[in-house]
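*Asks:* Chain by chain, the residues:
Number of protein chains: 2
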Amino acid sequence: MLIVQKYGGTSVADVERIKAVAERVVRTAREGHKVVVVVSAMAGETDKLIELAYQVSSHPGEREMDLLLSSGERVTSALTAMAIQELGHKAIALTGRQMGIITDAVHTKAKIEKISGERAKKALDEGYVVVVAGFQGITEDDGEVTTLGRGGSDLTAVAIASVLGADLCEIYTDVEGVYTTDPNIVPEARKLEKISYEEMLELASSGAKVLQTRSVEFAMKYNVPLVVRSTFTDNPGTYVVKEDKDMEKVEVSGVAYDKNQTKITILGVPDRPGIAAKLFKSIADANIVVDMIVQNISSDGKATDISFTVPRTDSDRAVRITEEIARELGAKGVSVDDSIAKVSIVGVGMKTHSGVAAKMFETLANHGINIMMISTSEIKVSCVIDAKYTELAVRVLHNAFDLAAEE
Amino acid sequence: MLIVQKYGGTSVADVERIKAVAERVVRTAREGHKVVVVVSAMAGETDKLIELAYQVSSHPGEREMDLLLSSGERVTSALTAMAIQELGHKAIALTGRQMGIITDAVHTKAKIEKISGERAKKALDEGYVVVVAGFQGITEDDGEVTTLGRGGSDLTAVAIASVLGADLCEIYTDVEGVYTTDPNIVPEARKLEKISYEEMLELASSGAKVLQTRSVEFAMKYNVPLVVRSTFTDNPGTYVVKEDKDMEKVEVSGVAYDKNQTKITILGVPDRPGIAAKLFKSIADANIVVDMIVQNISSDGKATDISFTVPRTDSDRAVRITEEIARELGAKGVSVDDSIAKVSIVGVGMKTHSGVAAKMFETLANHGINIMMISTSEIKVSCVIDAKYTELAVRVLHNAFDLAAEE
Numbered sequence: 131m132l133i134v135q136k137y138g139g140t141s142v143a144d145v146e147r148i149k150a151v152a153e154r155v156v157r158t159a160r161e162g163h164k165v166v167v168v169v170s171a172m173a174g175e176t177d178k179l180i181e182l183a184y185q186v187s188s189h190p191g192e193r194e195m196d197l198l199l200s201s202g203e204r205v206t207s208a209l210t211a212m213a214i215q216e217l218g219h220k221a222i223a224l225t226g227r228q229m230g231i232i233t234d235a236v237h238t239k240a241k242i243e244k245i246s247g248e249r250a251k252k253a254l255d256e257g258y259v260v261v262v263a264g265f266q267g268i269t270e271d272d273g274e275v276t277t278l279g280r281g282g283s284d285l286t287a288v289a290i291a292s293v294l295g296a297d298l299c300e301i302y303t304d305v306e307g308v309y310t311t312d313p314n315i316v317p318e319a320r321k322l323e324k325i326s327y328e329e330m331l332e333l334a335s336s337g338a339k340v341l342q343t344r345s346v347e348f349a350m351k352y353n354v355p356l357v358v359r360s361t362f363t364d365n366p367g368t369y370v371v372k373e374d375k376d377m378e379k380v381e382v383s384g385v386a387y388d389k390n391q392t393k394i395t396i397l398g399v400p401d402r403p404g405i406a407a408k409l410f411k412s413i414a415d416a417n418i419v420v421d422m423i424v425q426n427i428s429s430d431g432k433a434t435d436i437s438f439t440v441p442r443t444d445s446d447r448a449v450r451i452t453e454e455i456a457r458e459l460g461a462k463g464v465s466v467d468d469s470i471a472k473v474s475i476v477g478v479g480m481k482t483h484s485g486v487a488a489k490m491f492e493t494l495a496n497h498g499i500n501i502m503m504i505s506t507s508e509i510k511v512s513c514v515i516d517a518k519y520t521e522l523a524v525r526v527l528h529n530a531f532d533l534a535a536e537e
Numbered sequence: 131m132l133i134v135q136k137y138g139g140t141s142v143a144d145v146e147r148i149k150a151v152a153e154r155v156v157r158t159a160r161e162g163h164k165v166v167v168v169v170s171a172m173a174g175e176t177d178k179l180i181e182l183a184y185q186v187s188s189h190p191g192e193r194e195m196d197l198l199l200s201s202g203e204r205v206t207s208a209l210t211a212m213a214i215q216e217l218g219h220k221a222i223a224l225t226g227r228q229m230g231i232i233t234d235a236v237h238t239k240a241k242i243e244k245i246s247g248e249r250a251k252k253a254l255d256e257g258y259v260v261v262v263a264g265f266q267g268i269t270e271d272d273g274e275v276t277t278l279g280r281g282g283s284d285l286t287a288v289a290i291a292s293v294l295g296a297d298l299c300e301i302y303t304d305v306e307g308v309y310t311t312d313p314n315i316v317p318e319a320r321k322l323e324k325i326s327y328e329e330m331l332e333l334a335s336s337g338a339k340v341l342q343t344r345s346v347e348f349a350m351k352y353n354v355p356l357v358v359r360s361t362f363t364d365n366p367g368t369y370v371v372k373e374d375k376d377m378e379k380v381e382v383s384g385v386a387y388d389k390n391q392t393k394i395t396i397l398g399v400p401d402r403p404g405i406a407a408k409l410f411k412s413i414a415d416a417n418i419v420v421d422m423i424v425q426n427i428s429s430d431g432k433a434t435d436i437s438f439t440v441p442r443t444d445s446d447r448a449v450r451i452t453e454e455i456a457r458e459l460g461a462k463g464v465s466v467d468d469s470i471a472k473v474s475i476v477g478v479g480m481k482t483h484s485g486v487a488a489k490m491f492e493t494l495a496n497h498g499i500n501i502m503m504i505s506t507s508e509i510k511v512s513c514v515i516d517a518k519y520t521e522l523a524v525r526v527l528h529n530a531f532d533l534a535a536e537e
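Those protein sequence lines, which keep their order, are chains D and V. Here our numbering is used: the first residue of the first sequence is 131, the next is one more, and so on. Here our numbering is used: the first residue of the second sequence is 131, the next is one more, and so on.
Since the hints were derived computationally from the structure, they do not count as laboratory data. Model, not experiment: these values are computed from the prediction. Wrong hints could be hidden among the right ones.
Unchecked claim - Just a few of them, taken from the derived set where beta-carbon distance is under 10 Å, the chain D residues facing chain V: (1) L182; (2) S200; (3) E216.
Backbone N, C-alpha and C fix where the C-beta goes; we use that ideal spot for every residue, glycine too.
Here chain D stands alone, though its shape is the one from the complex (with noise of 0.2 Å):
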């Protein structure tokens, strides 16, 4: 087999944590596979850096903060490779630039454009395990080096997953896999066997973080097999594949939540057509993105309250583009609230099972927990609440569900 081994921070730590990745790998090839393995920068290392960015400026230039960035997962390929030298097998550390990724220009949240991987197959063939410094490329023209984001080397090791034609991408990390929900608030929260692309998708944009969103979409557009696992221990994590009439059977998979996001309403706008779309253009020109809106018809019916998320990050700037709309607009005023959570239910079932959503509302309610705003997908269900419910609310919801039951 084919195997993409991937190693976040907190797996390449330390010395001792990276010769214990050498020996899986090792492991791994021994057994008779090919492994190319992508690793992060050693935990810490991508925060120092950006910390040493802010003290020499207060707005780094984000070319050269990719330049910066890319050195972490650097100098982590090297040491890894050099580590799985010292065990007797054959290795050798690729930069994004010699792995052939290619990038748009969009500094510091790249998009990979293509990987050639020409020379890592060729030293594959040649018995190498490929080493491959995460979360960077190049663009074809000038060649610059891009970042690729936040969880960017998760998205590296799918990519070149895709690429390669691998038969399974390991992501290993400092969980045994993936949870109900959050374990830390829920002690009786259970590992998944295997949960769906849809599913996993879900769950990563409401909040869950052992995936990257980004790398999520990547596996399910090329049907890359995914598993995420622990580099601690030997457990097999969870699969992430292709929805089965199996994973029906369950109304919910998993409960997520997300205490990052900021609500903005603007109060008291004329009801007038094109409101809407020209607040969230200005807000989408920005880079912004809004998650949850909802907009509610005032009580004498000639004004509106127009209430969204967005992540925390960017509350500011969104804050003020919306006060200058408002002003324009002559609507009554701005309100900011930082103190929210959005809570989410997940699952594939809930195409098949009705009530999902009245069963949450019913138990939020039954707790006492107001709902300020719902959104639904297919396989979802989000409500926004006060802050200080949120691990109540999840609590109560997986209990509800089921969740720690036996499959």
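We have chain D; now place chain V onto it with these hints.
*Replies:* Chain V in isolation, oriented as in the chain D frame:
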């Protein structure tokens, strides 16, 4: 003018120093000059990376070592460019690859083969300060990352200055310039206003650490005007230039010493032609540079002792090779002496002043310092002595040749 400024590790050791470098660079640019900046890794970073490598591997692969070490200069180049941008000046950071620095494939001590510099020229014409990551390049065929060895950033600066036709190459460091000898040993040591390339080369290869030997050779070959000066003051520093008539007025320009050599003696070798050739060819084949060689005919005229010195770091390997050859030749044995030092006097004035070497030997003898080996060039005399006399020898020679006096 087009000025290349090179800042060493202590000059960019932390955020405050990087900001100070940025200020000096911007000041130079605002005086109307085009500026290329070459930076080393932050002081201590390269050693830290080497330590990590030896923690994961007893014999780290040189290819991966280069990938690892090159990251240090990338970090500094990005941070320095950011700091310059923060001061309101355009700046762009370039890696060795982006600067077009092509080297041979001898990892960890690659030689520069050519520099295209097209991108840098364009950026300079557009008003950018160009910040180059020193010490690194890539191979032309495979795009392998290479490094130029210790002090390689000096070489990067001089080579770029040569290719771009710079008017001046400024080497910024933590000392005020080139001194008549080490001021830590002789407090009266005097900073030289100027020194010839040849003298600088002899001083550098005799143990003076202020400039890397290869970069001086390169500057001499391509006639690049160099100045060595302090990052921490505005003092003028020492110009390293073509020899002029004035320089011959003084007998000796400086005294250097080197404590990092080992003396190896192969005892009682049959005195046949070709013996020395065989020994030194084997040592050269192992890429070990032999510095001084002395051969003594033994008293009975039938056997000979050959003594030579090698860098301390290579001594274990050199001893092993010598012992092997000693066995083959039926020599009596091999002795090793680590407690030696080389003391050298350098000056273009020697060419016209006679008796300089005699004065050196006499001065050492007057202070009871025995000379074990002697080697001379047109502008240098070196003596190997017992290491414990190093400081004494440097002081008495500095005094004997009147080096503290005003020029």
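*Asks:* Next, verify each hint and record whether it holds.
*Replies:* A quick look at each hint next to the structure:
{"no.": "1", "hint": "L182", "verdict": "6 Å, holds"}
{"no.": "2", "hint": "S200", "verdict": "8 Å, holds"}
{"no.": "3", "hint": "E216", "verdict": "4 Å, holds"}
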